[in-house]
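Since the structure of chain H is already known, use the hints to place chain E with the ligand on it.
Below, each chain spelled out in residue letters.
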Amino acid sequence: MKSFTTVTSIAAPLPEADVDTDIIFPARFLLLLDREGLGRHLFHERRRPAEGAPPFVLDTPPYDRAEILVTGPNFGTGSSREQAVWALADFGIRVVIAPRFGEIFFSNCFRNGLLPIVLGEAEHGAVMRAAEAGEKVSVDLEAQRIVLADGAAIGFAIDSYRRRALLLGLDEIGAILADDAADIAAFEARQKAATPWLHLSREQLSHFDDLRTSEA
Amino acid sequence: MSALTLYDKVWRQHVVKSYEDGSDLIYIDRHLVQEVSSPQAFAGLVAQNRTIRRPDAHVSVADHAVPTRHRDRPLPDGLAARQVSRLESNAERFGIPYIPMNDRRHGIVHVIGPELGFTLPGATLVCGDSHTCTHGAFGALAFGIGSSECECIFATQTLRQKKQKRMRVMLDGALPAGVTVKDIILALIGEIGTGGGNGHAIEFAGSAVRALSMEARMTLCNMSIEAGSRVGMVAPDETTFAYLKGRPLAPSGADWDAAVAHWRSLATDADAVFDREVRLDVSALSPRISWGTTPEENLPITGRVPDPAAESDPSRRARIARSLAYMGLEPGKPLAEIPIDRVFIGSCTNSRIEDLRLAAKVVAGRQVAANVAAIVVPGSAGVRLQAEAEGLDAVFRAAGFEWRDSGCSMCVAMNDDRLSPGERCASTSNRNFEGRQGQGGRTHLMSPAMAAAAAISGRLTDVRTLS
Ligand code: SF4
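In order, the protein sequences belong to chains H and E. In the numbering used here, each number is its position in the first sequence, counted from 1, plus 828. Counting from 1, position 270 in the second sequence corresponds to residue 251 in the numbering used here; the numbering is continuous, with no gaps.
Pulled out of the complex, with its shape left as it was, chain H reads as follows (with noise of 0.2 Å):
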């Protein structure tokens, strides 16, 4: 996973409330079975407006080029679908700041160099304001703070294993691997005597073994 420590970029305001998964990445899309160049179809109604309709906020310069993105509370809220976390990656979106996230969402930013950040409503406010002046936003993440251009600071929360996660890039599955397998084994052993039936047995796996020639 690429690794993630300072963004300096001029923020895309987008204050709206509730930007759902099927607004960021439509499902229809989801027929795709890539997680590379999904930005094309983000927000792929929003940026196809109505005749005389102005461009949607990431079609419209300077904003074309940010890297972060400022939005209403419950941005993401919806799908698990994490082509919408691809999609925002894949146009350049590095940072989502909101007041408030949809949870499968936020969790799957981790996992893919994006950084979510909650801020309050003042804060939030602040960087709003600076995105709508076009002013340049930065955020770094090992101080966990972001400054305007006018050289105000905004400190903000982050989980400390997520943080290290994105400033390291690390690669979670090969971490769980190398580190706790032996944990993992021990843990399926006392659970296969303490609740067997969370085992399927054979005899209940054979269930399925006419799956290849069993019509309705």
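It is possible that some hints are incorrect.
Below 27 Å or equal to it, Euclidean Cα-Cα: the simulated DSSO-like pairs (lysine-lysine) are [stated by the list, open to error]:
| no. | chain 1 | residue 1 | chain 2 | residue 2 |
| --- | --- | --- | --- | --- |
| 1 | E | K143 | E | K(-10) |
| 2 | E | K(-2) | E | K143 |
| 3 | E | K314 | H | K1020 |
| 4 | E | K144 | H | K1020 |
| 5 | E | K(-2) | E | K144 |
| 6 | E | K226 | H | K1020 |
| 7 | E | K(-10) | E | K146 |
| 8 | H | K1020 | E | K342 |
| 9 | E | K144 | E | K(-10) |
| 10 | E | K(-10) | E | K226 |
| 11 | E | K(-2) | E | K146 |
| 12 | E | K143 | H | K1020 |
| 13 | H | K1020 | H | K830 |
| 14 | H | K830 | E | K143 |
Keep in mind the hints are simulated off the structure, nothing from the lab.
Leaving out everything else, chain E with the ligand in the frame of chain H:
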């Protein structure tokens, strides 16, 4: 240790190890795999040359992209066919069961997990799908995850997680006639908002929950995610055990007795403390419908389309105006006067046998309005066969409904079942987001009985005025 909740107990029984930062490595017992979130996870395994740790812990099925008619023909060439066959070949390669679309066990992941007895009380269960919270109805700790987390489950059977806060939703009182569990969950979301459960694992408790069938409990837990919570649970009881007994993957013989004894011990201790408590008296509820583009924007059917001008908070006012513009609704119009074009009875929220019985009861002896195209999509082949044995398909067909094969269908519009721009649909699904049922489509969420009533009258309708 002090008194524990259901969530605490199941969590604690699955801690492989605890880290210094307060997170735990949680063991995952069950993983449901579908075609949309899995291809990238399998590809990750292949790229890293990793294997599946426990093939017996996974079951795979294609539900989102499959068509719901003409299943006797091969899938037409295209993205959907490619996605479905990719799941089949991945399952074959990694040695996990794959249920084909014409199998008697086929269906939406959240419908077939319980049907198989794959979903069990006290188990941890995940799926790359946000509505995995459905399985919490059994007292399982079940939650939706992203593709990267699916890959982690395949390789390690664990996830590093931090415990959520605990929230209890107490539901008491008796449901009035014509009001269903869908109206309860819509009312709850209307009250606490789509972010109301954020950071919390919900437990649904109280006399009204005890009185619910397993099907109804699944509808309740299914929409926990629409209340902002990844987890919604109900303590297992006699209703749970009766549902599970004899299911193919449920324990049997001496294992069954031991399991039931264990499951009984999972209930929240009497003096356990929750971080947040919400109460709702269900005896005061009416049938509800959504009018906007988030599930929280819902009202009793007796109400009127809200007026943004009456809202003092500017961002809320803008939100309402935006929703009304998308939905093509005028402020002040009685909800029960809104004409519809389509009806969808289906989805992992409301496609089980009880849902179809409820809808069929409303439909029986009546005709779908001339301006409406209506479909019923059973959640699984099992539900479809049961409904056909009861003659429900004949009731729906005689009224003018189309009777389809199992799948997600018009809940997510990844197959041919979708709204055209501007079309308005009475839907039993769980999300009314912009474009959810097709680009430009307009969704009104409601119960199966209310959707059936709308089909008959051709407009949003209070089902209580039909009978
Ligand atoms: S029916 Fe709808 S909500 Fe349920 S799993 Fe399928 S797409 Fe998701």
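Practice prompt. Starting from the hint list further up, note which numbers the structure goes against and sort them upward.
Written response: 3, 8, 13
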